[in-house]
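Protein chains: 2
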Amino acid sequence: MSLIVCKFGGTSVASPERIQMVAKKLIAKKQAGHDVVAVVSAMGKTTDELVGLAAALNDNPPAREMDRLLSTGEQVSMSLLAMAIEARGYKAMSFTGRQAGIETDKIHNKAKIVMVHSERVRDALERGAIAVVAGFQGVDAEGDITTLGRGGSDTTAVAVAHGLNADVCEIYSDVDGVYTADPRICPRAKKLDVINYDDMLELSGSGAGVLQMRAVEFARKYHVVIHSRSAFSDAEGTYVKEETDMMEEAVITGIAHDTSEVKVTIRGVPDMSGVAAKLFSALAGNQVSVDMIIQNVSEDGITDISFTCPGADKKRACETVERILPDINARECVVDEDIAKVSLVGTGMKSSPGIAAKAFQTLGENNINILAISTSPIRLSVVVDGAQTAQAVRCLHTAFGLDSDSVFEETQLSAEEIAAKMNKGR
Amino acid sequence: MSLIVCKFGGTSVASPERIQMVAKKLIAKKQAGHDVVAVVSAMGKTTDELVGLAAALNDNPPAREMDRLLSTGEQVSMSLLAMAIEARGYKAMSFTGRQAGIETDKIHNKAKIVMVHSERVRDALERGAIAVVAGFQGVDAEGDITTLGRGGSDTTAVAVAHGLNADVCEIYSDVDGVYTADPRICPRAKKLDVINYDDMLELSGSGAGVLQMRAVEFARKYHVVIHSRSAFSDAEGTYVKEETDMMEEAVITGIAHDTSEVKVTIRGVPDMSGVAAKLFSALAGNQVSVDMIIQNVSEDGITDISFTCPGADKKRACETVERILPDINARECVVDEDIAKVSLVGTGMKSSPGIAAKAFQTLGENNINILAISTSPIRLSVVVDGAQTAQAVRCLHTAFGLDSDSVFEETQLSAEEIAAKMNKGR
Numbered sequence: 001m002s003l004i005v006c007k008f009g010g011t012s013v014a015s016p017e018r019i020q021m022v023a024k025k026l027i028a029k030k031q032a033g034h035d036v037v038a039v040v041s042a043m044g045k046t047t048d049e050l051v052g053l054a055a056a057l058n059d060n061p062p063a064r065e066m067d068r069l070l071s072t073g074e075q076v077s078m079s080l081l082a083m084a085i086e087a088r089g090y091k092a093m094s095f096t097g098r099q100a101g102i103e104t105d106k107i108h109n110k111a112k113i114v115m116v117h118s119e120r121v122r123d124a125l126e127r128g129a130i131a132v133v134a135g136f137q138g139v140d141a142e143g144d145i146t147t148l149g150r151g152g153s154d155t156t157a158v159a160v161a162h163g164l165n166a167d168v169c170e171i172y173s174d175v176d177g178v179y180t181a182d183p184r185i186c187p188r189a190k191k192l193d194v195i196n197y198d199d200m201l202e203l204s205g206s207g208a209g210v211l212q213m214r215a216v217e218f219a220r221k222y223h224v225v226i227h228s229r230s231a232f233s234d235a236e237g238t239y240v241k242e243e244t245d246m247m248e249e250a251v252i253t254g255i256a257h258d259t260s261e262v263k264v265t266i267r268g269v270p271d272m273s274g275v276a277a278k279l280f281s282a283l284a285g286n287q288v289s290v291d292m293i294i295q296n297v298s299e300d301g302i303t304d305i306s307f308t309c310p311g312a313d314k315k316r317a318c319e320t321v322e323r324i325l326p327d328i329n330a331r332e333c334v335v336d337e338d339i340a341k342v343s344l345v346g347t348g349m350k351s352s353p354g355i356a357a358k359a360f361q362t363l364g365e366n367n368i369n370i371l372a373i374s375t376s377p378i379r380l381s382v383v384v385d386g387a388q389t390a391q392a393v394r395c396l397h398t399a400f401g402l403d404s405d406s407v408f409e410e411t412q413l414s415a416e417e418i419a420a421k422m423n424k425g426r
Numbered sequence: 001m002s003l004i005v006c007k008f009g010g011t012s013v014a015s016p017e018r019i020q021m022v023a024k025k026l027i028a029k030k031q032a033g034h035d036v037v038a039v040v041s042a043m044g045k046t047t048d049e050l051v052g053l054a055a056a057l058n059d060n061p062p063a064r065e066m067d068r069l070l071s072t073g074e075q076v077s078m079s080l081l082a083m084a085i086e087a088r089g090y091k092a093m094s095f096t097g098r099q100a101g102i103e104t105d106k107i108h109n110k111a112k113i114v115m116v117h118s119e120r121v122r123d124a125l126e127r128g129a130i131a132v133v134a135g136f137q138g139v140d141a142e143g144d145i146t147t148l149g150r151g152g153s154d155t156t157a158v159a160v161a162h163g164l165n166a167d168v169c170e171i172y173s174d175v176d177g178v179y180t181a182d183p184r185i186c187p188r189a190k191k192l193d194v195i196n197y198d199d200m201l202e203l204s205g206s207g208a209g210v211l212q213m214r215a216v217e218f219a220r221k222y223h224v225v226i227h228s229r230s231a232f233s234d235a236e237g238t239y240v241k242e243e244t245d246m247m248e249e250a251v252i253t254g255i256a257h258d259t260s261e262v263k264v265t266i267r268g269v270p271d272m273s274g275v276a277a278k279l280f281s282a283l284a285g286n287q288v289s290v291d292m293i294i295q296n297v298s299e300d301g302i303t304d305i306s307f308t309c310p311g312a313d314k315k316r317a318c319e320t321v322e323r324i325l326p327d328i329n330a331r332e333c334v335v336d337e338d339i340a341k342v343s344l345v346g347t348g349m350k351s352s353p354g355i356a357a358k359a360f361q362t363l364g365e366n367n368i369n370i371l372a373i374s375t376s377p378i379r380l381s382v383v384v385d386g387a388q389t390a391q392a393v394r395c396l397h398t399a400f401g402l403d404s405d406s407v408f409e410e411t412q413l414s415a416e417e418i419a420a421k422m423n424k425g426r
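So the sequence lines, in the order shown, correspond to chains Z and U.
When you line the first sequence up against the numbering used here, it's residues 1 to 426, in that order.
When you line the second sequence up against the numbering used here, it's residues 1 to 426, in that order.
By construction, these hints were calculated from the structure, which means they are not laboratory data.
Computed from a predicted model, the values in this text were never measured in an experiment.
Misleading hints may appear alongside valid ones.
All copies of an identical chain are treated as equivalent in the list; a pair is satisfied when it fits inside any one copy or across any two copies.
What the hints assert, rightly or not - With a Cα cut of at most 30 Å, we get these calculated DSSO-like pairs of lysine-lysine:
| hint | residue 1 | residue 2 |
| --- | --- | --- |
| 1 | K110 | K91 |
| 2 | K91 | K315 |
| 3 | K30 | K106 |
| 4 | K190 | K25 |
| 5 | K190 | K221 |
| 6 | K191 | K24 |
Sequences are here, hints too, so could you generate the full structure?
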């Protein structure tokens, strides 16, 4: 008998029919003798609809009110799921973030969990109930509702699992685990049975949408075992945990891609000291998260500087650059949205020299131009033209020996559809 | 400078545009120097939608979960209204039932308020904010969310007004006050400037939908002055308070009608002692609220017994009667849904004999058959055929000198539309 925390995202609870499926899944676990806690997101598009209502009333809605508004979405799904479980003759009890003891700091819209008080949930379990916890929300020290921002519900699930010392935190989604690459663009991608926290963090941070980075960070910090699996099948997914007991570790664990960044180029910049400092401190001051920086070779003392940043920061980035253009004597600012970052990730990289050389050679042989490069001890990222995303992922996947013998059959999606999927919700 | 509590129902906050109107109204009061508290219902049809979702998952949803589900509706409208006020440059702060200190008993779905702790709301007012309180909800001693049932938001408003010792509790709706009769069926109805608690209670209890009976009861108990007025104009409405300072009180204050009751007739009942007791104790045991009872003259030791009860109790009433038919040796059970109760209400009735005689004579002259009669010291109710509802109200309105010189111009509605309007939400 185990204690299992199961997190279901918005797609899994989007309709009464889907909520029934989730209820059945939870009851099956209960029948198998486990203690069961569910953590749920808001139904389908609820959050978007609430954001739309707020936008109709206030261009810049106060953060406190926004949290109070958005937190209702999870309260609806938590109650409905509890009702569905009770309808099948099992005890259920729902808990808001407050009642589940999710205590956060006061930063509305992106609060961080500071403590989990699990007494009430534990009490419900001891009385034989399936506990249903609203994801994405907590309460600050003053008793005000907060929300956790993107990845919030995954983080709630991991935090609840930690608080209850659960055996595993199962995160259900529409994919059946963590793959060596996105199977939608790389048909020979393999599902991983297990992956360590570091590799998972780098993959999540590089665009793999299956698990939210914050949740993985939390899990690593508190040694919570995550099981990423499909809401629509009973197949085992991928375990994320401390040590992978594989005898021989692959050098590269997986390849992620991210089409959500944009490249900003400042043309005609005088190549003199202090210019870059001025530019990037202005960007930092304006909350633009600069990822990679590329400075071209100077000609006649004039050069181009490019950087990449999240698409969400584009407007702020352009405003900042336009403002200081006269200041640094530069000519113009151009934005390229059609780029992709492709990242090789693997703890094994640390002890394997030559990864970068092999990657560059592979891309070169496939006529894929590298626009920028960045690295960490266990990651190598390159920026390529957006149109070459799938090709880049596939040739690297083959070159580093990740290809499966079987071919993934799902219809291939367009780059836009992938981008939309990768960047979805919380 | 006064402290004003303003309650807005679901229709008044049904869309972002309407919420903007409410925000403007509140700000105008603030600009006039008043302290302002708003109490809001859920937007438009939200509650019905949530009830529908619950019904899709559970035929008999657990009361605790139902409360948690339904309470989200008011949380959405409270946040949106606060945002709309802030967008216009005024401070606003929203409060759930819990935060507004609405402490209730543990009876989920129809909780009663036991205490109001107004410190947080008062604090917000002192800091210059317009406070926005979610109606219809509270929290029990264990911290679980409760809802107040029908009339809940009106009751919240009166309770908040009592807790803050407000000067007035304004209840906004789509009608501009309390009328001597429903102007939709009685075009010569007059708006009352003022009405006392007792008369208002009898009118509300007899089908006048403008104010919820529970709220009026609460107001009477704690001497809260209610101002019932239109959400769509600035005209004064009707004040409900202890004493009406009128020099000469009218005998009849108003006429209410109620088409929501049904008449159940048990035919062929042996006229012997104990039968009625058996019948009505069975009905009471099955939570049927019997209103009026009519026993026909016996012929050959066989009689008919009829009673009226709320339409919502119809199914339970019929089941109960069918079950005991063999027991009391009766023939059959027939239900008539097309009836109306018409009630004359007036504190002045106490000191004016002959009201009943005059009413019966008036109805007789108009060929309106009386199916049942009931009275209280300040009310006389008759049941008539549903098709004669408007005619009955009008002829009594004229006979008791209530007719206005001007004629109400709104299009007349059908009996069904009126019934739907009279029985609407919370």
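30 Å Cα threshold - placement of K91 relative to K110: Result: close only across copies, 22 Å inter versus 33 Å intra.
Intra- versus inter-copy proximity for K315 and K91 (alpha-carbon distance at most 30 Å): Between copies only: 29 Å across chains, 50 Å inside a chain, cut-off 30 Å.
Alpha-carbon proximity between K190 and K221, which holds within one copy, between copies, both or neither at 30 Å: Cα proximity of K190 and K221: one copy only (27 Å, versus 71 Å across).
Copy assignment of K30 with K106, given that the CA separation must stay at most 30 Å: Close across copies (29 Å), not inside one copy (36 Å); limit 30 Å.
Alpha-carbon proximity between K190 and K25, which holds within one copy, between copies, both or neither at 30 Å: within (26 Å within a copy, 61 Å between copies)
Homomeric proximity label, K191 with K24: Cα distance no greater than 30 Å: Within one copy, since 26 Å is at most 30 Å while 57 Å is not.
In this structure, none of the earlier numbered hints is contradicted; all agree with it.
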